[in-house]
Amino acid sequence: MNISAVRKILLRSLLLLPVVAVTALWAANPDELATLRKSDIAVDTEPQRMPEVENKDVKRTRNYPMQPPTIPHKIDNYTVNLNANKCLSCHDRTLTEQSQAPMVSVTHFMNRDGNFLAQVSPRRYFCNQCHVTQVDAKPLVDNDFQDVDSLLTKPE
Amino acid sequence: MIKWVKKTWKIAARPSVHYSLGFLTLGGFIAGVIFWGGFNTALEATNSEAFCTGCHEMEDNVFQELKTTIHYTNRSGVRATCPDCHVPHEWTNKIARKMQASKEVWGTIFGTINTREKFLEKRLELAQHEWSRLKANNSLECRNCHDLDYMDFTVQSARAEQAHSTFLASGEKTCIDCHKGIAHHLPDMEGVEGWSASAQQN
Numbered sequence: 127m128n129i130s131a132v133r134k135i136l137l138r139s140l141l142l143l144p145v146v147a148v149t150a151l152w153a154a155n156p157d158e159l160a161t162l163r164k165s166d167i168a169v170d171t172e173p174q175r176m177p178e179v180e181n182k183d184v185k186r187t188r189n190y191p192m193q194p195p196t197i198p199h200k201i202d203n204y205t206v207n208l209n210a211n212k213c214l215s216c217h218d219r220t221l222t223e224q225s226q227a228p229m230v231s232v233t234h235f236m237n238r239d240g241n242f243l244a245q246v247s248p249r250r251y252f253c254n255q256c257h258v259t260q261v262d263a264k265p266l267v268d269n270d271f272q273d274v275d276s277l278l279t280k281p282e
Numbered sequence: 045m046i047k048w049v050k051k052t053w054k055i056a057a058r059p060s061v062h063y064s065l066g067f068l069t070l071g072g073f074i075a076g077v078i079f080w081g082g083f084n085t086a087l088e089a090t091n092s093e094a095f096c097t098g099c100h101e102m103e104d105n106v107f108q109e110l111k112t113t114i115h116y117t118n119r120s121g122v123r124a125t126c127p128d129c130h131v132p133h134e135w136t137n138k139i140a141r142k143m144q145a146s147k148e149v150w151g152t153i154f155g156t157i158n159t160r161e162k163f164l165e166k167r168l169e170l171a172q173h174e175w176s177r178l179k180a181n182n183s184l185e186c187r188n189c190h191d192l193d194y195m196d197f198t199v200q201s202a203r204a205e206q207a208h209s210t211f212l213a214s215g216e217k218t219c220i221d222c223h224k225g226i227a228h229h230l231p232d233m234e235g236v237e238g239w240s241a242s243a244q245q246n
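For the record, the sequence lines run as chains A and B. Throughout, the working numbering is defined as the position within the first sequence, counted from one, plus 126. Throughout, the working numbering is defined as the position within the second sequence, counted from one, plus 44.
Hints listed in this document are in silico derivations from the structure and should not be mistaken for laboratory results. Among the hints, erroneous ones may be present.
[Claimed, not checked] Simulated pairs of lysine-lysine, DSS-like, Cα-Cα distance not exceeding 30 Å:
hint : chain 1 : residue 1 : chain 2 : residue 2
1    : B       : Lys179    : A       : Lys212
2    : A       : Lys164    : A       : Lys264
3    : B       : Lys142    : A       : Lys200
Predicted model, so just to flag it, every value in this text is computed and none were measured.
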């Protein structure tokens, strides 16, 4: 490495200095931080009780038509891996008569080229990538989502 | 040799001169109790989780998986151990299962599942043995703890109530038909009744 290369590196890292300084200042002021801990990092806080998963089997309103519906029941210990898919033991096309559960949507049989397969497409196999259970808990962050219907009916 | 047997038999067959009938009956009874007790104690010793997990095949695979399920830890603190689910409580069934268990000793000596890979390869077969056993005895082990007669459907979740009040109550299905994999991880379920295609590429 020659001298000019070293000088170049030094100069470049000098350019970074303001960024480092600002970050350090910001970190020094805990009020400014977006944190969910709400207490000093050195303090052991009492963990909150874990809220229970809603298990009422009642469908919830979707916030927009393409929203993957949320799961209205608990799924404790339901296996979804390479070997087995417990969700499909009720929601599979051939198994809904016994379970009386809704069949997975037809979109789940489509591959990425839009062709329909005989079975659930591999890209839709891992249910929990899109579908989640819900708990009765206070949201951690505010949410100002507005339903499209409320926007449409809003007075000018 | 034959002579000796004959002589011994004669002594045994001869009515006792020295001991009263009462003593002999009582003695026989006590000896019986001791033998029976010893037999049962031996049976009990092999009927504990510590015994089962003494073999690494059981300890490293199925036991570790059991620990994450409701049958190991739950809100009521009542748990199921290996023999609760795998060794029938009824006496005749108990012996039958123990005879089958000699297969496991064989398996240990010959290392049929002595590595994780071998175990996973054989898991479907082993699981199928358990499923058909539970199917054949109408899930006897489950029912030793979970008695349908005392299930209060009104406090069960809606899906449980729906399934139990129909297919279970009518006897059309038994616990293991709907509750596979409640205690351990599952093998590839492709083709098993009540399960859809798995994601394994064969």
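Hints versus structure:
1. B/Lys179 with A/Lys212: 20 Å, holds
2. A/Lys164 with A/Lys264: Holds, because 15 Å separates the two Cα atoms, which is no more than 30 Å.
3. B/Lys142 with A/Lys200: 38 Å, violated
Hint 3 alone, counting from the list given before, is not met by this structure.
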